[in-house]
Each structure stands twice: as C-alpha cells, then as structure tokens.
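Student: Sequence:
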Amino acid sequence: MKFVIKLMICSVFYVPAYAKAVMFFQKHITPNARILGDVVSITNDENKLMQIPLDSHPNPGETINKKQIIEWITQKKGAIDIKWQGKSTTLVQQKIQTTGDELRHKAQTELEHRLKNKYDSITLIPKGQVKDSEFPLAEFHTELPESDLPAQQICVMLIHGKRSVPVWFKVSAFQNVLVAKNSMKSRTRLHQSDFILEKRNIAGLKNKPLTQLPKDFWLKNSIKTHQILKISDVAPVPQIIRGQRVKITVFNKGIFLRSEAIAQHDGYTGQFVRMKNPLSDKYFVAQVIAPHQAEISS
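Take the sequence shown: its letters are residues -19 to -1, 1 to 279, numbered as in mature numbering (1 follows the signal peptide of the UniProt record, and there is no 0).
These are computed hints drawn from the structure, not numbers from a lab.
Check the hints yourself; a few may be wrong.
Each pair of labels, with its calculated beta carbon distance range [what the hints assert, rightly or not]:
hint : residue 1 : residue 2 : range
1    : Asn188    : Pro117    : 36 to 44 Å
2    : Phe198    : Thr104    : 51 to 59 Å
3    : Thr206    : Leu238    : 33 to 41 Å
4    : Gln133    : Ser167    : 25 to 33 Å
5    : Ala132    : Asp101    : 16 to 24 Å
6    : Thr230    : Lys187    : 41 to 49 Å
7    : Leu130    : His273    : 31 to 39 Å
Since we're looking at a predicted model, the values are computed, not measured.
By construction, the Cβ of each residue, glycine as well, lies at the ideal position given by its N, Cα and C atoms.
Please construct the entire structure, taking both the sequences and the accompanying hints into account.
Tutor: Laid out in structure tokens, this is it:
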C-alpha cells in the first residue's frame, strides 16, 4: 500500500505541463493573406489553427478586431481556450502603388530642377525614411519652400488631396562669391583688390552673398579673413562721415552765411546730423544736402 501511494505521488510530479496557447496579431497584415497564420500568430498551436484557410482575402485598409478572429475560429473549430495578447484591433495594409524610394526621387528631381537654375552646382543628401503609398506617383504634386537662399535642410512636400508626405534633404549649393582676403574693420571702403571670387557653399546663409563689388560702398560691420561678403555687410558711403570737416550754409531771415563744422555722426542726404563748431566748441544740428555739405534754415 505504501508503495502504491509513493508511486502515485511521483506520478503527480512528472505529469507534463502544457503551456496555454497565446494568440496575437501579426505585425504586418497584407491584402494577400490566405490563411489564419497570415493574420495572427499562435504559440503552442497544437490544433494547427494557423493553417485554416481564410474565407476571402482581407480588404486593403480594413480594420480587424479580436472579437472577429475569435468568433471566426469558434465557427470553424468550436470553442477554444486561447489567451489573447497585445492590441485588440489592427489595420490591413493598403496595396502599395508607389514606393518610398519613388516618392523621394520625385521630390529630389523637383528640388534639383529648382536649385540648378540658380547655382553652379548642388548636392542633395536624403534624410530619414519615406513611407510607401497606396496612391499612384502621378497623382502627387510637389510644394517647394519659397526662399531667395537655400537652407541647409529643405523639406519638399508631396501633396495628394488632403494628405502630404514630407521629404527632407541636406543641401549644399555652390556659387562663385566674393570672399575677403584679410580681416577688415567696419567703415572700411570696399576695393576690388581686397576680395577674390571663390566657389563656396552658400546653403544656410541668412543674407544674399555678393558676386560683384558695388561702387562707393563701405563695410557696415567687421568681417574676417575668408568670410563671404553679404549684402547685409555693406552700405553706401554716407555723404558726410563722422570727423570730417563740413561746409555749412545758414539761411536766416534773408541772411546767407557760410561756415565750417566737424560732423559728429555719419549722415546721408536729407538726414539731420549733429555738428560741432571748431571755434566755439558749440554743437548744433544741420541737414545733409550733398557730400561734405549741410545747411541750416529757419
């Protein structure tokens, strides 16, 4: 009797334990799905449920839920004891009519066409991934950012109805521009001998680079050696420059007088500039009328 009890106890410990089956949606479900295993994955599928043929192919973009799957299996095989895992709904993939690479190529071609008309040479490096689309390539139109200068990164939008696909590129745009031979301080007059034409990447510049030196201009701010000269760096030389002697004409009740003064600020025609009388050290304001000339009238 004791031997029988011991044998029964041993039998309890050595009964094989079968793990419960677990079912979950496949990561990618295509309209070409033929069997249940194309839609769901089942661990420990002893009943080979995954081999059951589907009644029909799922529709592109169709939503499938857990309840539909369980009811369909129950109808085919009877009640099942399976644990569900993961999300309870999923989408069938659309039929792909245009690949991500085709979309990127279309965007790149349009951007290249725009930039090649403006610059000597360009380089476009794609950034990120572009998803495949269920729409034909011919139905997309492109939208390019409007800008006088290319950014270092440009996004081309591919539009289809209310949907849009962003396609990013890293941009290099090369052009012959004026580059400083040496560092130069602000208020320095521009001379051709101070600059050279050099092919440089101008993508990302905030202001337009100069390709020709304007006449009678000077620097608004200092620039460094090898720096690209931009339109924002220069300005016309003022008619009156700070520290210069200026001829002053005074009109007062029919009286006409001439004198000289020292400009305390730069000034363009029409502007009022503070002056200093070198004889009396007194200050006054006169209106600029021409180079080295200003007037006072009442």
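Student: Each hint needs a verdict: does it hold in this structure or not?
Tutor: Structure-based check of each hint:
| no. | hint | result |
| --- | --- | --- |
| 1 | Asn188 - Pro117: 36 to 44 Å | holds (42 Å) |
| 2 | Phe198 - Thr104: 51 to 59 Å | violated (32 Å) |
| 3 | Thr206 - Leu238: 33 to 41 Å | violated (49 Å) |
| 4 | Gln133 - Ser167: 25 to 33 Å | holds (27 Å) |
| 5 | Ala132 - Asp101: 16 to 24 Å | holds (18 Å) |
| 6 | Thr230 - Lys187: 41 to 49 Å | holds (42 Å) |
| 7 | Leu130 - His273: 31 to 39 Å | holds (38 Å) |
The structure fails hints 2, 3 (numbered hints given earlier, in ascending order).
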